[in-house]
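One-letter residues, chain by chain:
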Amino acid sequence: MADYQITDRVDITDVVCPVTFVKAKVALEELDEGDILSVHMNDGEPVQNVPRSIKEEGHQILKLEDNGDGTYDLIVRKVGE
Amino acid sequence: MAFTNEQLERYSRHIILNEIGVKGQKKLLNGSVLIIGAGGLGSPAALYLAAAGVGHIGIADADVVDLSNLQRQVIHGTADLNKPKVESARESMEAINPDVKVTTYHDFIASDNIMDIIKDYDFILDGTDNFPAKFLINDACVMAKKPFCHAGILRFGGQLMTYVPDANVPCYRCVFKNPPPKDAVPTCKQAGVIGAMAGIIGCLQAMEAIKYLTGAGELLTGTLLTYDGLKNEFRRVKLPKDDHCAVCGEEPTITELIDYEQAECSGISSDDYK
Chain H
201 MADYQITDRV DITDVVCPVT FVKAKVALEE LDEGDILSVH MNDGEPVQNV
251 PRSIKEEGHQ ILKLEDNGDG TYDLIVRKVG E
Chain V
5 MAFTNEQLER YSRHIILNEI GVKGQKKLLN GSVLIIGAGG LGSPAALYLA
55 AAGVGHIGIA DADVVDLSNL QRQVIHGTAD LNKPKVESAR ESMEAINPDV
105 KVTTYHDFIA SDNIMDIIKD YDFILDGTDN FPAKFLINDA CVMAKKPFCH
155 AGILRFGGQL MTYVPDANVP CYRCVFKNPP PKDAVPTCKQ AGVIGAMAGI
205 IGCLQAMEAI KYLTGAGELL TGTLLTYDGL KNEFRRVKLP KDDHCAVCGE
255 EPTITELIDY EQAECSGISS DDYK
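Line by line, the protein sequences are chains H and V. The first sequence maps to residues 201 to 281 in my numbering. The second sequence maps to residues 5 to 278 in my numbering.
Some hints here could point you the wrong way.
As the list claims (entries may be wrong) - To give an idea of the interface, some chain V residues facing chain H are shown, with a C-beta separation under 10 Å as derived from the structure:
no., residue
1, Ala6
2, Phe7
3, Tyr15
4, Gly25
5, Lys27
6, Asn86
7, Ser96
To be verified - Restricting the straight-line Cα-Cα distance to at most 20 Å, the calculated cross-link-like pairs of lysine to any residue (SDA-like) are:
no., chain 1, residue 1, chain 2, residue 2
8, V, Lys215, V, Ile204
9, V, Lys27, H, Leu231
10, H, Lys255, V, His18
11, V, Lys242, V, Gln163
12, V, Lys27, H, Glu230
13, V, Lys27, H, Gly244
14, H, Lys255, V, Glu23
15, V, Lys30, H, Lys255
16, V, Lys30, H, Pro218
17, V, Lys27, H, Gly258
18, V, Lys149, V, Ala114
19, V, Lys193, V, Leu71
20, H, Lys263, H, Ile206
21, H, Lys255, V, Leu21
22, V, Lys150, V, Gly226
23, H, Lys255, V, Gly25
24, V, Lys193, V, Asn86
To be verified - Distance windows between CB atoms, simulated:
no., chain 1, residue 1, chain 2, residue 2, range
25, H, Gly258, V, Glu95, 41 to 47 Å
26, V, His248, H, Gln260, 22 to 28 Å
27, H, Lys255, V, Thr8, 25 to 31 Å
28, V, Gly221, H, Asp211, 33 to 39 Å
29, H, Gly280, V, Ala148, 35 to 41 Å
30, H, Gly280, V, Pro169, 30 to 36 Å
31, V, Asp247, H, Tyr204, 55 to 61 Å
32, H, Gly244, V, Gly221, 33 to 39 Å
33, H, Lys263, V, Thr8, 25 to 31 Å
The hints are simulated quantities; they were obtained by calculation from the structure and are not laboratory data. Glycine included, each C-beta is placed from N, C-alpha and C at the ideal position.
Chain H on its own, in the form it takes in the complex (with noise of 0.2 Å):
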């Protein structure tokens, strides 16, 4: 049981940086503080720098789910407006 409800679901699987973090920091921002997204990302260079990106502009990262196929969800918390 996961201790969270993922309010919304980003797919950053179909653009390349640094659109990957763009597509996700808008989906942030359509969210009120607290909400929880679930940003759906490819392996390799978006699982290096997308979590990383979102750190920095101070939200927090709950989990980073490995899907087992070269895909990965990275759930995250939004704090601040």
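Go by the hints and put chain V onto chain H.
Relative to the frame of chain H, chain V by itself:
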């Protein structure tokens, strides 16, 4: 308004910036800027504002593209010779960014049309090359309570200053009072101007418009920025508002717009010393 993937990619370098972000980019797309003069200053300003995604850009100029313009008026090309500058500028801006709506004014800006033109815009850039136009733009913006950025260039020098209404900051007339006597200041046809100077100062004007629209950073109000290209020296000159200013002071004596006489040698065009 949701961004398309294409817009996210186009504006990604803005959206990543904390000072701009999604909100700032939306402000740019919903914002409007009027550029008076499609010459040396107006060229880079128009190109960068179009690229930035300013949703509505107005451009005013009565001239056609002349061969002597092309050394610095980079929005126009050799193929644009004899074409109205506003048309050439519109084509360049639309080619850069289809998100931008461009409105052209192929006309001289004067006391009888300026109020009607500036009313539709959030911010105005003075890219003109002559003192009558500069005083007219200042007075009209003060009267209409419109923010604007003044700029001028000559030889290896340039300057700019931003005015915002109701902000207790000086207007152009607080600083310069009246146009100089005819021929006291040479035009750039007479004195020359280095092309890159138009790029530097015009881009600084574009930066002021972007900061105004997004609310990022600090505007160049109450401060005249001057640039000496030969020494590579920027100077910030702090200037106070003049309570006795004839147009923005406590008891203004200028309550109607004035069409000052144009210096003979400069013509009434935008390209002679810009």
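Outcome of the hint check:
no. : hint                            : in the structure
1   : Ala6                            : 8 Å, holds
2   : Phe7                            : 6 Å, holds
3   : Tyr15                           : 8 Å, holds
4   : Gly25                           : 7 Å, holds
5   : Lys27                           : 7 Å, holds
6   : Asn86                           : 42 Å, violated
7   : Ser96                           : 26 Å, violated
8   : V/Lys215 / V/Ile204             : 17 Å, holds
9   : V/Lys27 / H/Leu231              : 13 Å, holds
10  : H/Lys255 / V/His18              : 19 Å, holds
11  : V/Lys242 / V/Gln163             : 13 Å, holds
12  : V/Lys27 / H/Glu230              : 10 Å, holds
13  : V/Lys27 / H/Gly244              : 29 Å, violated
14  : H/Lys255 / V/Glu23              : 17 Å, holds
15  : V/Lys30 / H/Lys255              : 23 Å, violated
16  : V/Lys30 / H/Pro218              : 19 Å, holds
17  : V/Lys27 / H/Gly258              : 17 Å, holds
18  : V/Lys149 / V/Ala114             : 18 Å, holds
19  : V/Lys193 / V/Leu71              : 13 Å, holds
20  : H/Lys263 / H/Ile206             : 12 Å, holds
21  : H/Lys255 / V/Leu21              : 15 Å, holds
22  : V/Lys150 / V/Gly226             : 16 Å, holds
23  : H/Lys255 / V/Gly25              : 16 Å, holds
24  : V/Lys193 / V/Asn86              : 18 Å, holds
25  : H/Gly258 / V/Glu95: 41 to 47 Å  : 43 Å, holds
26  : V/His248 / H/Gln260: 22 to 28 Å : 56 Å, violated
27  : H/Lys255 / V/Thr8: 25 to 31 Å   : 27 Å, holds
28  : V/Gly221 / H/Asp211: 33 to 39 Å : 34 Å, holds
29  : H/Gly280 / V/Ala148: 35 to 41 Å : 37 Å, holds
30  : H/Gly280 / V/Pro169: 30 to 36 Å : 32 Å, holds
31  : V/Asp247 / H/Tyr204: 55 to 61 Å : 60 Å, holds
32  : H/Gly244 / V/Gly221: 33 to 39 Å : 36 Å, holds
33  : H/Lys263 / V/Thr8: 25 to 31 Å   : 30 Å, holds
When the structure is compared with the earlier hints, violations turn up for hints 6, 7, 13, 15 and 26 and for no others.
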